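Q: Be aware that the sequence shown starts at 1, since it is given in UniProt numbering, and climbs by one per residue.
Because the hints were derived from the structure by calculation, they are not lab data.
Where hints are given, some of them may not hold.
To be verified - Restraint-style ranges between C-beta atoms, simulated for each label pair:
1) GLY94 to GLY322: 52 to 62 angstroms
2) HIS174 to GLY322: 22 to 32 angstroms
3) GLU342 to ASP22: 53 to 63 angstroms
4) ASP29 to PRO203: 25 to 35 angstroms
5) TRP390 to ARG341: 12 to 22 angstroms
Being a predicted model, the structure only gives us computed values, none of them experimental.
Ideal placement from N, C-alpha and C gives every residue a C-beta, glycine not left out.
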Amino acid sequence: MSPLNEYGFCPIQKKLACFDFDFKHWPVDFSWKEVLICVCVCSYLIVHSFGRRMLYPGSLGLLQKAMRPMLQQGQARLVEEYDGQRNKLVACDGNEIDTMFVDRRKDGGQAGKTLVICCEGNAGFYEVGCMNTPLDGGYSVLGWNHPGFGGSTGVPLPQNEANAMDVVIQFAVHKLGFQLSDIIVYAWSIGGFTASWAVMSYPEIRALVLDASFDDLLPLALKVMPDSWRPLVTHTVRQYMNLNNAEQLCKYQGPVLLIRRTKDEIITTTGPEDIMSNRGNDLLLKLLQYRYPKVMTEDALRAVRQWLAAGTPIEEESVYTGYEVDDDWCLSVLQSYQTDRETLFPWSVGEDMTLEGRRQLALFLARKYMRNFETTHCTPLPISEFRPPWKL
């Protein structure tokens with residue numbers, strides 16, 4: 001067999017190749033679609049078989065059945081103790097979204113005038129999830145279940161998640177009577193995707209609090225899959241499960257608080273003992289690099305990474321004081337910049353600053369944007385750790 005035949009050329013093509021001809025009429029020998037079709041089919045099968053179930057185990061009927069007594073008890077508590085109001089919303093894709101609203105405006109407190117919209121984790125339900133934290137703080141709270149969770153219909157794919165978040169915000173504004181400036185979005189873990197989508201899409205929202213969240217799903221997906229699957233996993237995540245929290249967060253101009261759990265075993269790419277593999281670090285760095293690019297030079301980044309590597313409050317304070325950060329000076333620099341110029345991010349503050357000044361400002365900003373909580377991924381956040389983000 002000739003070499004041409006070995007690679008799939010028919011004999012007539014070999015003969016024709018000896019002559020000059022118009023190449024536009026030559027048959028296609030290979031197309032990139034031949035590979036892409038195979039990859040797309042595999043990616044689709046992965047996502048719709050075990051992929052989304054691994055990512056959102058709370059959508060599994062077996063798990064929901066096992067948790068039903070706990071969910072019923074939690075729902076009864078919200079209704080009986082907090083006078084919670086359960087509502088069914090319909091998103092633009094037709095999915096029905098199960099929500100619970102607790103109205104504290106009638107209590108007369110300042111916190112009750114603020115609505116905290118809660119976005120749960122991948123096995124979280126509003127009945128037993130993170131909405132208990134702002135409830136303890138006296139806030140008005142609106143919780144909702146992911147598509148396919150509890151009373152919500154559909155499947156938890158990114159676009160469905162965004163559609164659900166959209167109708168929840170529209171409900172809060174047009175039915176419950178809150179202004180966007182009265183709303184804080186609070187998310188735990190994978191809920192950071194819908195929360196960052198919300199503030200990106202509704203920039204008038206007052207603030208965002210992300211607890212135990214990450215910058216990008218891909219590094220976490222690669223951690224749990226075989227190395228030989230890397231190209232397929234990359235394509236699958238980018239095509240079907242692109243939870244790009246950092247990219248969305250950088251499109252928001254408002255106050256942000258990131259809560260990092262120092263013993264987190266879920267969003268670390270190596271293990272809970274390696275705090276530098278916590279993807280919350282990458283979320284902070286990407287946000288600071290976008291908002292303050294002139295401050296976050298390589299030297300300043302090294303200082304912030306050293307601060308992030310501190311595993312205890314004592315170590316954290318040691319790094320901070322070691323760089324002799326002057327909080328009053330840092331605050332005055334930022335206030336002066338905000339007064340004199342446009343305040344939309346990214347800022348050019350730090351452009352004419354010394355290396356020492358940049359390091360101080362970078363550490364000051366890092367500590368304002370991120371708080372550490374010494375616990376594991378699934379420990380409920382106490383109200384003492386929940387607070388509105390810092391605002392200049």
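Q: At the C-beta level, are GLY94 and GLY322 separated by a distance inside 52 to 62 angstroms?
A: Roughly 56 angstroms apart at Cβ, these two residues keep to the hinted range, so it holds.
Q: Could you check the hint for me, namely that GLU342 and ASP22 are 53 to 63 angstroms apart, CB to CB?
A: holds, 59 angstroms
Q: Taking 12 to 22 angstroms as the stated bounds, is the beta-carbon spacing between TRP390 and ARG341 within them?
A: holds, 20 angstroms
Q: Take a look at whether the Cβ-Cβ distance between ASP29 and PRO203 falls inside 25 to 35 angstroms.
A: Violated: the Cβ-Cβ distance is about 51 angstroms, outside 25 to 35 angstroms.
Q: Does the Cβ-Cβ separation between HIS174 and GLY322 fall within 22 to 32 angstroms?
A: violated, 51 angstroms
Going down the numbered hints, you'll see the structure goes against 2, 4, while the others check out.
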